[in-house]
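Visitor: Listed below are the residues making up each chain.
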Amino acid sequence: MKRLSRSALALVWVWVFAACSSYMGVEASDFANQANQEGTYASGIVVDTRGRARSAASESDRSPKGPGSTDAGSTSISKDRKVVYKAEYSLRTSNLTVALARAKALVQEMGGWVQEEGSGKFSFRVPADKFWATTEKITDIGQILDHSIKSKDVTEEYMDLGIRLQVRKKFLGQLEELYAKGGSLQDLLAVKKEIDRVTEEIERLEGKIRFLQEQVAWSTIRLRFLVQSEYVSRDFNLPFRWLQSLGIQTLLNAR
Amino acid sequence: MHRRARMALIPRFLILLSLCLATGCALHMDAPQSYLKLETAVWPYEYQAVSSDDCRLTARKVPNPEKGGLEFWSKAIQNQMIQAKGYTLVSQQQAETQGGWKGQELLFSTNSKGREYYYLLVVFPVGKHIYLAEAGGERKLLERDLDALRKAVQTLR
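Chains as they are written, first to last, in the numbering used here: chain A, 214 to 468; chain B, 63 to 219.
Think of the hints as simulated: they come from the structure by calculation, not from any bench.
Residues on chain B that point at chain A, a partial pick, calculated with CB under 8 Å: (1) P106; (2) R118; (3) T120; (4) A138; (5) I139; (6) N141; (7) Q142; (8) M143; (9) T172; (10) Y181; (11) L183; (12) G198.
Even glycine gets a Cβ: it sits at the ideal position worked out from N, Cα and C.
Taking the hints into account, I'd like the entire structure generated from these sequences.
Guide: Set out below in structure tokens:
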């Protein structure tokens, strides 16, 4: 019995070692392919012109796609770039109510949803493939005083999570097979404990992937309003000079 | 007519011309009893009278080569006083002089250093000129004199 227990534990550790080796191997080869085909990934790219931002990812790259490798049993890894887009605008408007109504109409037109509204701020999400079309229509809401567009390439993080998820799922399957074979109570408890830990890890990875998918699929646009009427640097001034001499001041000062 | 007789008419003509310049061509009003007409008006005014408590009554003539009408000048003056100078229009009514000039009376108020002032302006566009009668002073004092000032403006000529 003791011998069986020892051999079961040894088997568990062999599986763990094998799984880690497998994960490292896939990751290393995949990154090598990426480096060859697309060059080094950059994350946290600040883009302030449309042309440069477009160079970071094509329209098709921005379409929401889950990691192809996350399906159980699949080993292929998507090489599509995953880019998170965020834009911020400072807008001047003379009428906040009208500006907000226009902003909401734009959100509706683009199939987005309002994330936050209040205190002169308005943030919303739009489908990633509508991001650029939306930014072009911001001028309809108010006069742009300042703006910034940021893109973050999360492809590496996304693929890393996908690979780790694959490996964990594979390992979980092996643990479950081992558990099904049976053995001593101690061995089964050890295997069950490991199954629970790996399951928890898988859930955490899936959560991270879902979050990234959501960030990539829905771009964020934040608007900050400055309510100010247009300043006209011109006084009322009819072209008749004598009009300027009208008034109590001239009258009482005439001595 | 002999040459001598024609020469004799010249001094008479000069006397008539100077009388016209001295009386008929200068602006004139019959000042209220409590006001004193000044002998020499200070530019831009051609007529100036003052009360013992420093209310003023003046008249002047400004060019109107475009022959703008009463409605135009009435609105232009209101816009100038309200938009450019921050006055408040208290009242307005039609006015007419004894000589038949038709005009518009505008009464404005304004505040300065905690005191409220009234400014009465009566505008008469006549041909290529605009005749302006103006009166002003502290609100209480001008309110007291308002009727007398209106009567004085009717005598503008």
